[in-house]
Amino acid sequence: MNATTALLRMLVFPGILFAAPAAWFFLWIERKAMAALQQRIGPPFMQPFFDFVKLMGKQVPPREGLGGFLMKLWPVLAVAASAGAVGLLPVIPRSGGFPGDLVLLLSLLELPSMFIIAAGFSSRSLWGELGSSREAILSVSYNVVFLMAIIGIAASQHTFSLQALAQSQGSPLRWLGVLAILICLPAKLHMNPFSVTNAEQEIYAGPMTEYTGHELALWELAHGMEWVAATGLVATLIAPPLANPWMAGALFVVLSVAVVLVLTIVAAATARLTIDDSVRFFWRCALAFAVLGVSSVLLMRIKL
Amino acid sequence: MNILRLLLNNFLGGSITTRFPNRPPADKGFRGLVRYDPQICTGCGVCAYRCSSRGISFRSSRTAYTWAYDPGQCTYCGRCVDGCEAHAITQEAAPPPLYYKRDELNLAHTTQRPLPPPKKKPEAAPATGEAK
Ligand code: SF4
Ligand code: SF4
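Same order as they appear, the protein sequences are chains A and B. Just so it is clear: in the first sequence, position 169 is 204 by my numbering, and no numbers are missing. Just so it is clear: in the second sequence, position 130 is 147 by my numbering, and no numbers are missing.
It should be emphasised that the hints constitute simulated quantities derived from the structure, not laboratory data. Among these hints, one or two may not hold up.
Stated by the list, open to error - Lysine-lysine pairs mimicking DSS-like chemistry, simulated, CA-CA at most 30 Å apart:
no., chain 1, residue 1, chain 2, residue 2
1, B, Lys137, A, Lys93
2, B, Lys118, A, Lys89
3, A, Lys89, A, Lys67
Source: prediction; values computed, not measured.
Only chain A is shown next, with the shape it has when bound in the complex:
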């Protein structure tokens, strides 16, 4: 992948130009599905886009000094990081990629969470700081499971390239990893039952409490793109390799939407866990998956 194709992938397909509409589409699916499960009619199709446009037109209170500058900076960086993450996804097979892009994808997926933590503290709002410290504690916990799952999958298939992972066949360890990733996604996307970070009705909007106008619009966009990147990663891992690029692209979208639906059902069916319970849950998960992972590796060794 040279610089031009990298830029094209980041800015056009599957980067920003594709990722922004995809983000709004995924946000709409999530909201609509949640509404359907709660006997509500839900938002119209274009609503996430309208929300974005409306927020873009709103006035932002003047923010002074370094704190104000940082508050403006974080949402821009979050959008850039999540657009970069979407840009790396192998939506269409053999569209490029480089060895080790999985590692870059992981770090780009991690960055928005860091920026959220930083944003909450920069805003100096009590609720922001509370939300940020919750996010920090939670991300330390779920990332153990998340990274273990990804490393387990990559090691079992002997590659850190997304393209190669998409092309390779599934294995029990890979399915175990996908399950672990799915368990982490609600925490990554701030969904129930792991929505302590921006626990609405409790700490307002957590780190986002002080945000409004175009800054909040950018946060929403970054959040939508995180959805695309995270569900896309799962879709990459579970999609069977297909030769036809159109079929592969369509399957990718269908699987991503299916993941969104599964996460929404989980969110609708559960209540918010406290931070202690969430952390305890993820550390227990980490233990369970570590035991399962190590034993399956041992079993594979014995079989070989």
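Based on the hints, put chain B with the ligands in the right spot on chain A.
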């Protein structure tokens, strides 16, 4: 797993909300727009005094008084209606209509106060003394 059954029933049951501007029919006793009858109003100004959200304003002078209503400020609490001894104001039993321009539903009505009966000229005091 009760919750999953509940979600499934919710999903199959269809939505119970409707999309704006469709609205469910108003119940009996619904408190909508405030309506004013200048024929009955006595111009006491109690309604404006009772309205804590400045939905009603009342300006009065010696010769006329103006009753004005701004639905954009009104919270439809009904305190003005309760307080009007003359029963000159009522509330519609339907949700307010949609409006797209600011102050489109505002009302104002000016009533001339009845002229006070002309003062009788004090009668000329009876002459008490005799001119000398
Ligand atoms: S309280 Fe009734 S009578 Fe008095 S000014 Fe208001 S509407 Fe008129
Ligand atoms: S209904 Fe309540 S808010 Fe509206 S005008 Fe009357 S007193 Fe004011």
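Going down the list of hints, with the structure as the test:
Distance check on the hinted pair: B/Lys137 and A/Lys93 sit about 66 Å apart at the alpha-carbon level, beyond 30 Å; violated. Our distance criterion of 30 Å between C-alpha atoms is met by B/Lys118 and A/Lys89, whose separation comes to about 19 Å. Taking the CA atoms of A/Lys89 and A/Lys67, the gap is near 20 Å; set against the 30 Å cutoff, the hint holds.
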